[in-house]
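Enquirer: Residue strings, one per chain:
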Amino acid sequence: MIGYIVQRLLYAVVTFWFLSIVVFVIIQLPPGDFLTSYVARLEQEGDIIDEAEIEALKREYGLDATPVEKYLRWFGRFLRGEMGRSFEWNQPVGKLLRERLPYTVLLSLITLFFTYIVAVPIGIYVATRQYGFSDYLFSVLGFAGLATPNFMLALILMFLFFKYLGISVGGLFSSEYALAPWSLGKIWDLFSHLWVPIIVIGTAGTAGIIRVMRGTLLDELGKQYVITARAKGVAEGKLLFRYPVRLAINPIVSTVGWQLPGIVSGETIVAIVLSLPTTGPLLFMALINQDMFLAGSIVMFLGILTLIGTFLSDILLIVVDPRIRFEGKT
Amino acid sequence: MTTDVTTTGVSSGVEMRGAGITAEERYFLASQWQLMWRKFKRHRLAVVSVTLLGILYVFAITYQFWVPYGRLTKHEDYLSASPSRIHLFDTEGRFRGPFVYKLDGEIDFNTFTRVYTEDTSQIHRIRFFQKGESYRFWGLFPMDIHFFLPEEGGVVFLFGTDSLGRDLFSRTLAGAQVSLSVGLVGVMLSFVLGCLLGGISGYFGGATDMLIQRIIEFVIIVPTIPLWMALSAAVPAGWSPVKIYFSITIILSIIGWAGLARVVRGKLLEMRESDFVIAAKVAGSTDMQIIVEHLLPGFMSYLIVHLTLAIPNMILGETALSFLGLGIRAPAVSWGTLLKDAQNVRSVAVQPWMLIPGLLVIVTVLLFNFIGDGLRDAADPYK
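Protein sequence lines correspond, in order, to chains W and F.
For the first sequence, my numbering begins at 49 and goes up steadily by one.
For the second sequence, my numbering begins at 413 and goes up steadily by one.
Honestly, I wouldn't trust all of these hints.
Unchecked claim - Which chain F residues face chain W? A few, computed with CB under 8 Å, are given here:
id	residue
1	V604
2	P638
3	A642
4	L751
What the hints assert, rightly or not - Stretch by stretch, here's where chain W covers chain F in the computed footprint (C-beta under 8 Å, at least three residues):
id	region
5	434-440
6	458-465
7	542-555
8	625-633
9	758-764
These are calculated hints, taken from the structure and not from any lab test.
Heads up, the beta-carbon is just placed ideally off N, CA and C, and yes, glycines get one too.
I would like the entire structure built from these sequences, with the hints used as guidance.
Expert: Structure representation (structure tokens):
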């Protein structure tokens, strides 16, 4: 078991290292470097910069180094928490991330819980009524949920709310709370705004889990031990939850971590449409303005977020799957 | 039951040359692919989906003929016009064939929006196979025949127009070409990458396997949309539409191959120790021969299922990127770039028809999913 955890931890470190390389490539991708655009911007504003100053800046930022040196320098700084400066916002990247990242984490985690809380009971219900009306209803809804781009779902919901209820959904706070300090009212306001993005982001994942839950539970229900138990007169409710549900829920719980990349991914684009104060719009603006340190750091942190999620779900496997727990003891 | 099957199997072999092969015997004589086709045909929804999707692709490939106007043609007198109403009977109830009334546009000075009313005194009949705007079919043959066009002076916008007065129906069909092909081209790239890396990983094992496994894990863990966004934002703005198209496709398949590689690897691990592989080895086949000739055909059907289900993801990815303005860029059109015009509530409220390309995205993705479902059932015909 310890061996398994150590192995997973090592894998996570390797993945983190891959991630850092990819992010570094992303930062380096746009033609020209940030200094050129920085100088161009200063010149646009009327400042005159002499060659010596540019050279000094170049040395300071290490722009004359080889890619490997650049990477090592950047990665070293990143590990120490120095993520560079956002030219667009004229603020340290770390500060911007501290403002936005918590909302991304909050929204992603709540959406994750929401998908499971909604999907598992529906999956069980639907599996016990195979080919019934509710089965077809949720199949159709599920297929539609998987097929609709979530930004379009956000647009449609916004449109419906605007047209029929006259309210504009968007953002995470009402205007009176946006800049106010934290209070009970603000928290309540946050939660009253959260549910639209949660539904929009969670739909695809929910549809997917319902399908898996239905499939695995149907497989279990067709097995002989269920028939035997029923023949012996075990009550239907007990019969269902005692073993089949427990077995069918296993693969779903153990793949909790796999849901997270999808959710974070959906969150990014939905946040742009609904203008939520999360990392999505920040990333979008950073990419449009080629503010690459900011953009790279956001991709990095979103990657780290899903990496941690996957690692935790691997650990969770130990809890739900005794085969891994007892490995090595036999 | 078992003995029954064996005897029929044997006797069918004997009677093969004779006339009168029964249905049951045909079942045993059929190849794996024939069996799969038979099983697929039983999945009604999938068969209907294949037909519809085929029609959609034919329309997309030959779109220039079906659309009344060019994708960039602006009708300055008809900005943000709602979808045209096609009538069959005039105000006196006489049958006049499909026709549209003349549209009168006025600016409503209370709301500052354009309001269009039908002038029922003027009728423009819709004619088929008419000469209209000239175009180059597939960029090669100069042509000017359009499937349908209203009579001189009339206009027909099946899906309405955008705020620049461009016909949305024409633009949607033009966009179909990009949106529908991105998935196919992207999946082909993923297929090559996935088979290659998954194949190497599963067949050789050891350190190579370890490395490739970690890369696959990484690709699966990283959230796709942010990564796609970051990569496509780096595509230089000055590139030609064709270059941008291929860069976007490559970016989409950078993620897509990983799932496939996993399937390939798993299946290879399963089959690598089987007798026929050892036999091939003893007979002196090279590693490449064994992978390509003996192992890949063994799970080709699973790969096709996986690929069919991967196409929708690519289509959705392209739509999302283009919607944000990071994917396909004007003047090229795709369903995503068309949806870009419907980016805020106000424009959706004023011109709800701008969401029609989105409906087509949903329909296409649904069709692919249904086909994938049917293929999955058919993939293992011996079950």
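Enquirer: Compare the structure with each hint and give your call.
Expert: A quick look at each hint next to the structure:
Contact between V604 (chain F) and chain W, as hinted, is not supported at the beta carbon level, the nearest pair being about 21 Å apart and thus beyond 8 Å. A least Cβ separation of about 5 Å between P638 (chain F) and chain W falls short of the 8 Å threshold, and the interface hint therefore holds. About 5 Å separates the beta-carbon of A642 (chain F) from the nearest beta-carbon of chain W, less than 8 Å, and the hint is met. Here the hint on L751 (chain F) is kept, as its CB sits about 7 Å from the closest CB of chain W, short of 8 Å.
Counting residues of the region 434-440 of chain F whose CB falls under 8 Å from any CB of chain W gives 0; the rule of at least 3 is not met. Using a Cβ-Cβ cut-off of 8 Å, 0 residues of the region 458-465 of chain F lie near chain W, which falls short of the minimum of three, so the contact claim is violated. Three residues within the 8 Å Cβ limit are the bar, and the region 542-555 of chain F against chain W gives 0, so the coverage statement is violated. Here's how the region 625-633 of chain F fares: 6 of its residues keep a CB closer than 8 Å to some CB of chain W, so the rule of at least three is met and the hint holds.
Counting residues of the region 758-764 of chain F whose CB falls under 8 Å from any CB of chain W gives 3; the rule of at least 3 is met.
The earlier numbered hints that this structure contradicts are 1, 5, 6, 7.
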